[in-house]
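One-letter residues, chain by chain:
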Amino acid sequence: MNARTLKRIAIQAAALAAAALVVWFLAHNTLANLEARRIASGFGFLQREAGFEIGESFFLRYSASDTYLRALAVGVTNTLGVAAIGIVLATVLGAAIGLARLSANLLLRSVAGAYVEFVRNTPLLVQLFFWYALITEILPHPRAALEPLPGVFLSNRGFVFPTLTSTPVLEGFNFAGGMALSPEFAALLLGLVVYTAAFIAEIVRAGVLSVSRAQWDAGHAIGLTRRQALRYVVMPQALRVIVPPMASQYLNLTKNSSLAVAIGFPDLVSIANTTINQTGQAIEGVAIIMAVYLTISLSISAFMNWYNARIMLK
Amino acid sequence: MSWLRRNLFSSWPSSLATLLVLLLAWRLLPPLVDWAFLQAVWAPDSKACRAAQGACWGFIAEKHRFILFGTYPFEQHWRPALATLLLIALWGVSLVRAFWSWRLGAVWLAGLAAIGVLMWGGVFGLPFVENERWGGLILTLLLTTFGLAAAFPLSILVALGRRSDLPAVRALCVVYIELIRGVPLISLLFMASVMLPLFLPAGVTIDKLLRAQIALILFAAAYLAEVVRGGLQAIPRSQYEAAAAIGLGYWGQMGYVILPQALRIAVPPLVNTFIGFFKDTSLVLIIGLFDLLSTIKVSLTDPAWTGFGIEAYVFASLVYFAFCFVLSRYSRRFEVKPSPAHAAERLA
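Same order as they appear, the protein sequences are chains L and Z.
Sequential numbering of the first sequence, starting at 14, is according to the numbering used here.
Sequential numbering of the second sequence, starting at 145, is according to the numbering used here.
Next comes chain Z alone, as it looks inside the complex (with noise of 0.2 Å):
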């Protein structure tokens, strides 16, 4: 009873804002549950869907492996399924702080290639797909991991660059972070896809995956040297002035010293960072790409589906949203606690 009266009775407005929050509880949840559970088509037959009164979720199950998977070779499935599992686990392994040593750098790259293998084929008795036809959940998967993996490192070398005492290399340092962070991603995109066979000499080409690739690489690298400064900017003089004294160079100072406090430091930032980037490949959707939303957009335009946009944006935001939400409760145990100090002021 008194916790009842702390927590939602404890004043007038408290307890108008109770009530009304119950009163909207009321009216929305009983048709949103009829809607979602109650009246819905679990089965993929879309006449009945478009005779029920609830959600078509029969959409979802008759979709699923062109939504999955998009144009890749159907009999051939199995292959993106393991490939995506793997590059999942291996992104699991690398929440985990124990394994974080150069060991962790040769799993990725052995897994990397089995997924390679995998995807392409052509060896080992499996059909060449080219990757014209990798498509779905995979293809975002991929696109955010070589991203980041690319992004990354050029993002600690601009870092870097941005906090240099040379006027010359911090100029063009400020200058590519600031032309990438003032533009919208889409006009890199469009970049990308309209003006890079331009920059290119006569003859070379460069498939359009790679090109939107290129692309989200130099958007990321420019938003994560802002967070890395972040974490170089947090490390105390004293500590330059230290690694200075015991006689190592820039280089060793950076990497010995600096670097791996200033990016411990920055782990919860970075982890937003790659949740946004994560998000934010669905916008190859825009040139062309088949990512995951592409694919469910793409499914939307079967005729005999047409119509059950809410349930398929629905399904792409609960996917986006499993991905997203479990690096942003990982990243918050990195942040830091309270210092006694602080909390002794907030108890006072």
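The following block holds chain L by itself, in its conformation from the complex (with noise of 0.2 Å):
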């Protein structure tokens, strides 16, 4: 063993007990503070009544009298709810207005271009706070709701939309039937959508930008006209530099989905939220928070690198 290797091993070794140092730290002074709080840790409260109500669930059937545990699912089920139709329209949103900005015509990318300067420049959340102020505050109530399309209102107690089943009708000062978006809900939906489609815009202009000049003339060589040029030549190259950004962009939208604990969607964080306040079981709260995002994020990454090695060259 010369010094060389032996230094490696003693600065390695170093970072590790420096590192469990500063765990063990942390976790003597954590088991102390409890023991002196008289709080008892463990997950043993998730099977306890949970006492409040959840103002909407998607796919879970939830009361008050339900467990921790049923709430906290509800709160993971809202949040995968709201993720993945917020990718799927960010996506189709961004998408087109990413190809707007690309436009031969001026006006088109003109707007396509102020959106998104406009929309990457301000939080994320003050656009939610601003989308919810517009429902709530500008919306008419549902007995003058607008209905800009047969069968769907829009009013300040949110938005209606007919189903295959069921279309909508005022009963006393609200709706019933069809489905329902509350105002929460839409405006974070909104807000995640518009937010989120102006970063995918720029990821897809780069995209296509990246496609050489010579490749649309390829294209148009062999007679295709501008948009199939797009559809069968550029396109096909431009998704390998588009998707691995995407990747993260659907990652941030999901993270991003947490910001519905301002505007009071009850999402994971936000019914974890409750939970830390009514039980004071702080530590296992965030422990489920961040174990949720964290599966959540490994496996959109993990499908995203499936999808990107099936687009590349081979």
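By construction, these hints were calculated from the structure, which means they are not laboratory data.
Treat each hint with caution, since some may be false.
One-sided excerpt, in silico: chain Z residues whose CB lies under 10 Å from chain L [what the hints assert, rightly or not]: (1) 305; (2) 310; (3) 425; (4) 429.
As the structure is a computational prediction, the values presented were derived from the model and not from experiment.
Backbone N, C-alpha and C define an ideal beta-carbon position, used for all residues, glycine too.
Quick one: dock chain against chain with the hints and give me the complex.
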């Protein structure tokens, strides 16, 4: 063993020891503090009755007499629901705006450019508050709801859409039937989609620009129109540049959905926060939030890696 | 005429798009201008605001002191005002490339010391103001400044660690980066506000502002580290070998040869990350700190002024936009120009 190897081992041992010391120090203090405050640690509280209502739940039935575990599960499904819908809509809107920024039409290009500049340079939280204020302050109450399309009603109590089986009708002070979106959900979805679409637009634009001009010309030379050249020649190549940063935008959207807590949509963070306030189980609560988001993050990046490998040049 | 043809009516779909945009503008712009300017109320008079059809900018006029300075003692508002200007000036000076030298660090230290004296007081006859009462724009700017100032050196170390050939060091850095980037900032802020007190030995307390600042630093460092790593990866291998060949040790190689080049390449994405971080400081509202967005939101709870949320948030977005837009324009100047070969290819 020469001096160099010894030095390498010494440095690594020191780094690991320092990390272990920090972890031990924090854990030791935490245990002592929990002891002093008589807080029982562990996940036993999950089986206790939650006792709080949740405004809306998409997939799971829930009532205040259910357990904390069930409440948190509702939070997870709400988070996943809003993230999944948001990702689809943001991709569509973002791709459209990204392509509009490359349009030969000056007006379309400038409008798309202004959208991207403004949206990217203001905080998402401000935009969420703005959409929420817009829905609750500007829209009329349900009795005077706007009806932009037959059966679709916009009011300060949320949006109502007809479904295949039922159409919404006004009953008393609110609508019954159809599919209803609360103002909180509508504001959160709108905010996430509008914000993320601006970032996706820039990625799509950069992806298309990364394909060399000669590829367009080659497409035209074999008689393709501009649209066909984009569809069959340029896009397949641009996708390879677009997919990796897109994955991180999807991750961002999912993580940003946690801002729901600020406007009162019951996502995972919001429900976990209520749970922490009621039970005092701060460590467990924050650990659950982090574990769930880490799982989601790792799943999305695994899926995007798989997709990325599929569209790579073989 | 030919200009119009080329830019607005080059084909049927293009003409259709032009007409559609014009139609939308014709339908939307007049009511918008009407609301924002013609029918708007500018005087701080909530009765007039409620009666009017247009926007109520009087809300901003009435609340601007609280929005900008939070609960800082009213007759002392000149102090945070001066501190805000000083901080903006420091940032402005730092953006000029000609000033990039070690002397800039000294200027920053002096500037921050002056800001500390102004904000805290307690000397030179200035009454002491505890930092629980700081708020508004200066708090947003301070959280950003100190967050970046502490996170940037940390991020360089972490990025070097992630590229290190020592497996244990690399693993620690990877775990740190992926752990922080895998969870939302809000969960880190919750952790700082509810869990940090449990982490510390009995009797040691840290105030809420500092706790949030620590979470923000750890958060920013993980994201900045990935940007720095991108810069490090762009440096050709020959540079590392050349640095080793002239007999420099590891820190010499990094400090004199690799980092100066890597950081230069990374300026545009670094500035973009700075912008993102500046926007993200608004999340401290959720754990109850009085940053700019928070003071605006609290102003809306005044019974005389409820229901003017749209005006309030339009104002908030304009303030954030002013800062972010300047920075993003600035970062664009550093983007690598297409090389002549690339340009020739695009012309061909």
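Each hint, compared with the structure:
Because the smallest distance between the Cβ of residue 305 of chain Z and any Cβ of chain L comes to about 8 Å, under 10 Å, the interface hint for this residue holds. Evaluation of the residue 310 of chain Z hint against chain L yields a held restraint, the C-beta minimum of about 5 Å falling below 10 Å. Because the smallest distance between the Cβ of residue 425 of chain Z and any Cβ of chain L comes to about 8 Å, under 10 Å, the interface hint for this residue holds. At a threshold of 10 Å, the smallest CB-CB gap from residue 429 of chain Z to chain L is about 7 Å, leaving the interface hint in force.
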